[in-house]
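Construct the complete structure from the given sequences, taking the supplied hints into account.
Per my numbering, the sequence shown runs over residues 13 to 131.
Please note: incorrect hints may appear among the correct ones.
Stated by the list, open to error - Here are the simulated DMTMM-like cross-link-like pairs (lysine to aspartate or glutamate), alpha carbons at most 20 Å apart as the crow flies:
# : residue 1 : residue 2
1 : K23       : E88
2 : K72       : E48
3 : K56       : D44
4 : K23       : D111
5 : K72       : E88
6 : K72       : D47
7 : K23       : E33
Keep in mind that the hints were calculated from the coordinates and are not lab data.
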Amino acid sequence: MPRLFPDLEIKDDADLLDLLEGIRNVGIAGHDEIDELAGLIRAKLERYGRRNGLSRMRAKFWGRQVARPLVRAADEMLTVAAYARVCRNRFEAFLIALDDEQPGATDFNIRGRKPGKAA
13 MPRLFPDLEI KDDADLLDLL EGIRNVGIAG HDEIDELAGL IRAKLERYGR RNGLSRMRAK
73 FWGRQVARPL VRAADEMLTV AAYARVCRNR FEAFLIALDD EQPGATDFNI RGRKPGKAA
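The following block contains the structure:
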C-alpha cells in the first residue's frame, strides 16, 4: 500500500515541523475532497430518488442518510489537521523549555530562537 509520507529521518526541529505541517495539509485537503464527494453523492441520490418516484422530502432524507458518514469522516480529517497544529505548538514549547533548562542538551537544532534567550 502506498504511503502518504515517505520514510524520512528527522534530523532537526525543522524536519519535524515540516512533517507536522504536511500532516496538517493532508488533513485539510482530505476534508475538502471528502466533503465535496459527500455533497456529490447526496445530490446524485436525491435526483435518482426523485426520478424514481420518491417525494422530495424522502429523497432528501435518503441522500443525507447515505452521505452522512462521509461528512463525519471529512470532519475527522479537520480534527487531524487541528491535532497536527497542537503537536507543532507543543513541540516548539518543548524545545524552548529544554533549551531553558539545559542549553545545548538537545540534538535538535533550535532555529528561530537565539541561544540562551529566556522564554
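- Distance restraint between K23 and E33, which requires alpha-carbon spacing of 20 Å or less: holds, 16 Å
- When you check the alpha-carbon spacing of K23 and E88, does it fall within 20 Å? Judged against 20 Å, a Cα distance of about 30 Å means the pair is violated.
- Message: Hinted pair, alpha-carbon criterion (20 Å max): K72, E88. Please report holds or violated.
- Response: violated, 24 Å
- Straight-line alpha-carbon gap K72 to D47, limit 20 Å: Since the Cα atoms of K72 and D47 sit roughly 17 Å apart, the hinted pair holds (cutoff 20 Å).
- Query: Within a Cα-Cα threshold of 20 Å, do K72 and E48 meet the stated pairing?
  - Reply: holds, 17 Å
- Message: Can you confirm whether the C-alpha distance between K56 and D44 stays at or below 20 Å?
- Response: Holds. K56 to D44 sits at ~18 Å (cutoff 20 Å).
- Message: With the threshold set at 20 Å, check whether the alpha-carbon distance from K23 to D111 stays at or below it.
- Response: holds, 17 Å
The structure shown violates the earlier hints numbered 1 and 5.
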